[in-house]
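2 protein chains.
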Amino acid sequence: MTENKKIATWKAWTLFVVVLAVVFGLGLFAASMLERRAEVVSVFNNKKVDIAPGEAHNDVFEANYPREFKTWTETAETGFRSEYNGSEAVDVLDARPNMVILWAGYAFAWDYTTPRGHMHAVYDITRSLRTGSPGVEGGLTPQPSTCWTCKSPDVPRLMQEMGLKEYYAGQWGNPAWAAEVVNPIGCSDCHDAQTMDLRISRPALREAFERQGKNIEDASLQEMRTLVCAQCHVEYYFRNNEAEDKINYLTFPWDNGITVEAIEEYYDSYTAETGKEGKPYYDYIHALSKTPILKAQHPGYETSQMGIHGQRGVSCADCHMPYISEGGVKYSDHHIQSPLANIDRTCQVCHRESEETLRENVYDRQRKNDEIRTRLEAELAAAHIEAKTAWDNGATEGEMKEVLSEIRKGQWRWDFAVASHGASFHAPQEIARILAGGLDHAHLARLALAKVLFKHGVENVKIPVFGGKEEAQKFIEPSIAAKVGTIGQMEKNKSRFMNEVRPEWIKAAKASGKLTMEGLE
Amino acid sequence: MTENKKIATWKAWTLFVVVLAVVFGLGLFAASMLERRAEVVSVFNNKKVDIAPGEAHNDVFEANYPREFKTWTETAETGFRSEYNGSEAVDVLDARPNMVILWAGYAFAWDYTTPRGHMHAVYDITRSLRTGSPGVEGGLTPQPSTCWTCKSPDVPRLMQEMGLKEYYAGQWGNPAWAAEVVNPIGCSDCHDAQTMDLRISRPALREAFERQGKNIEDASLQEMRTLVCAQCHVEYYFRNNEAEDKINYLTFPWDNGITVEAIEEYYDSYTAETGKEGKPYYDYIHALSKTPILKAQHPGYETSQMGIHGQRGVSCADCHMPYISEGGVKYSDHHIQSPLANIDRTCQVCHRESEETLRENVYDRQRKNDEIRTRLEAELAAAHIEAKTAWDNGATEGEMKEVLSEIRKGQWRWDFAVASHGASFHAPQEIARILAGGLDHAHLARLALAKVLFKHGVENVKIPVFGGKEEAQKFIEPSIAAKVGTIGQMEKNKSRFMNEVRPEWIKAAKASGKLTMEGLE
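If you read the protein sequences in the order shown, they are chains A and B.
Following the numbering used here, the residues of the first sequence are numbered contiguously, the last one being 527.
Following the numbering used here, the residues of the second sequence are numbered contiguously, the last one being 527.
Same shape as in the complex, but just chain A (with noise of 0.2 Å):
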């Protein structure tokens, strides 16, 4: 051969070469795929067990779908928290006693701490005080058994057997059905027991849909991935109806939207709330300031749309619910939590930064917001502390019309951001908006206050600052123990719950075989 002819035939063979090597890649990446749908396939050939259709026992499931279902009791862990808020549960009155304040007349001022993962629900219910002790002599029974209807796949199956309305108008606690709701939130609350599609197993949310002209069949499988979740992260309210025959019935107040504005003037449009005939809708008289409060629930879906992920289609899932990759098998994970958790499997799917950048961007963001919510709950605290001075001195229902209004807005608006998990991550910049917004308004409502107290003769009140929960919650005592009681009371009470009412639900539902699985406190 020539010079030519051999270095000519060397580059065609070290070309074949490189080709050979991509195309063996090609195959190898191939190979993967293919394993991965011939294992997912097998996973639907191989049911161990039929599933009866919206089968509340979630350890049923376990056999079919061992790591889903794994995943799903991590939930009994407390899970991540950040950093910024601590590494366990917290009381938060405790930590901010203020909340005692804005709470007084409503149960949330007796108690309320961080939530915990899924597999807690009913427990966490069962043993708040705000659910009160049902079956003890003087123990109170203050909430309706809506209350249940987040907490336990077994909530469909008696809103099948006994009606919705009739469900909605029943009593937490009522000796009938509390050892019927014993599973917490599990397999059944989103997925279709036989084909494990996405399913929407509450009603509110298809009744929302359904009066803004939508039909949430028509969603798509991404949607439905924030969807199922939005059957309970969302602001909701107990409609009382005679007209519709509804009592404590479950209802979404989005009919004019989701945004805090929409949801308000819903709420101010409302007035044919039974036994509250001609007064917009308000969901306690407070204690302290005999504001018409409205209490907002967790619109962890409203905001969480408003904010860029949510406005870019990353579902709830995508982020809280991170795929695993096992062998062949790629998987969603079910120990629902916080995406710093995962930082590598949730963020940086589609950010290149570091998980300390991406750690510390978020706690920037929830730093931010918090710097004006605590100064939001200061400025609502003295509002409805002064309202109740300027009563005791005489102040009349004129004067204090733009006072109470202005509390109302605001109070709105503090709940609203704060009571949504996640806010200030999902929408920052909204949530910092409702939070400016909401302070606005508690000085407007102090600044209206001091003319009237002035009127009265009071020229200064003093605004005491609280060491704790127990300090705020003695403050208020005097204002709500005719109609409840003290908190001594109530938690002597529900200790007795506990150690004799509790045990009996369990040993009922344990006993009809309702209750399958053990350690769900």
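Any given hint might turn out to be false.
Heads up, the list lumps identical chains together, so a pair's fine if it works in one copy or across two of them.
Result set (SDA-like, lysine to any residue): computed pairs, CA atoms no more than 25 Å apart in a straight line [unchecked claim]: (1) LYS11 <-> GLY33; (2) LYS12 <-> GLY33; (3) LYS11 <-> PHE30; (4) LYS468 <-> ALA401; (5) LYS220 <-> THR363.
I should point out that these hints are in silico values taken from the structure, not numbers from a laboratory.
Let chain A serve as the given structure and place chain B on it in line with the hints.
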């Protein structure tokens, strides 16, 4: 050949052809890169004129850098203004008359319009009421020559010729220099005229870095693509300090950091102001409330660093001077304007959303903060007016201390957020936080005022709603006229100045050869 051998041969040829195609493609790509480099090299090899260091005539650069020069001349057009802000330059005081109240006692209350492109810099400072009417009988000369610093590449030349301290200590509009500062912001402000490397031509930025222990010469090219802008688009003040022999010495208040609180702390602890011994720094004493006010300039650099684009290392030039490809040449667009004017060349380089979505995302951020801003302006204006009423009714300095302290804090936050162009996009949540803080302080001022006013027998102060700039200026005129005359007198003098004095400056500049380019109004 056997069938197998035929197939093998066919396969080998196919592979060979595929590889050839790939290699040919790579060759094309490499050629395009080489062509581009060659063009860049040719730009430097084919320089048509030699340019002196610090050359202030922008037109001299045209021959060597025609593309950059042409796009720079496009700054003569008002350029893109968002639908959100209106399509034309706006008289801000007329659109927001409360700003007249906020600036009562400072030249900004006389005249403040939205900014125009770099080409207009010298004309716009000359025509503004704020610079008065030097050379006209009875005309004010309210500004130091420091005000020229950022308007022209003639300034670094002047600084070198006469000494830095001497330059700063002069008067704006003094006839000896007025015909020297004639070329608007251009090439030498950011470029070394011989190498075209980016350069820091203004001492204040270099000095601020030094005081922080940093050497600006260590900045990377990407950092320089921001820092050349940070020479001017920053918060600054005129330092008067006898011990340092400084008169109106342009200084950046960054020694404690660049946040709104860090800069406030800097000013609050700076007490060595000449003629204001023992007091913290202030820019002016408010004509109505007597508050020692901090006037924020345009902290665009500071606020841009607090948002996600700055935090991720995006430079000013990346979005405000996007690249243009023309044939083989890629160059920076020197028509510096809103990135929304060229979404395809700015946002969409990184973000895959539609132009409409991206534009709406920006407007959304602006709208949210504008809502807080508007409320804050109203509260601050009311506080100033109520404070005047308190003084008029005999309030003492002791009684007013808290009031003035809160107004100062509130207005500093308002101005910092508002004076910085684009801040609601650059750092949406940080600006919301700052505005919320401002609103908090403004309200605290009014709450304290309510008590002072009551003490002096005033129950209500009527806060006017101003229909436009003129109404608001008429309102403050009695409080400022003794010092500076009426706005009407100023306007008459300015008109004489523009007709009689300015033409002489231009004539002299042309005669001396300092001004060789027309059309700069």
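Each hint tested on the structure:
no., hint, verdict
1, LYS11 <-> GLY33, "between (33 Å within a copy, 23 Å between copies)"
2, LYS12 <-> GLY33, "between (31 Å within a copy, 24 Å between copies)"
3, LYS11 <-> PHE30, "between (28 Å within a copy, 21 Å between copies)"
4, LYS468 <-> ALA401, "both (18 Å within a copy, 24 Å between copies)"
5, LYS220 <-> THR363, "between (40 Å within a copy, 23 Å between copies)"
No hint from the list above goes unmet by this structure.
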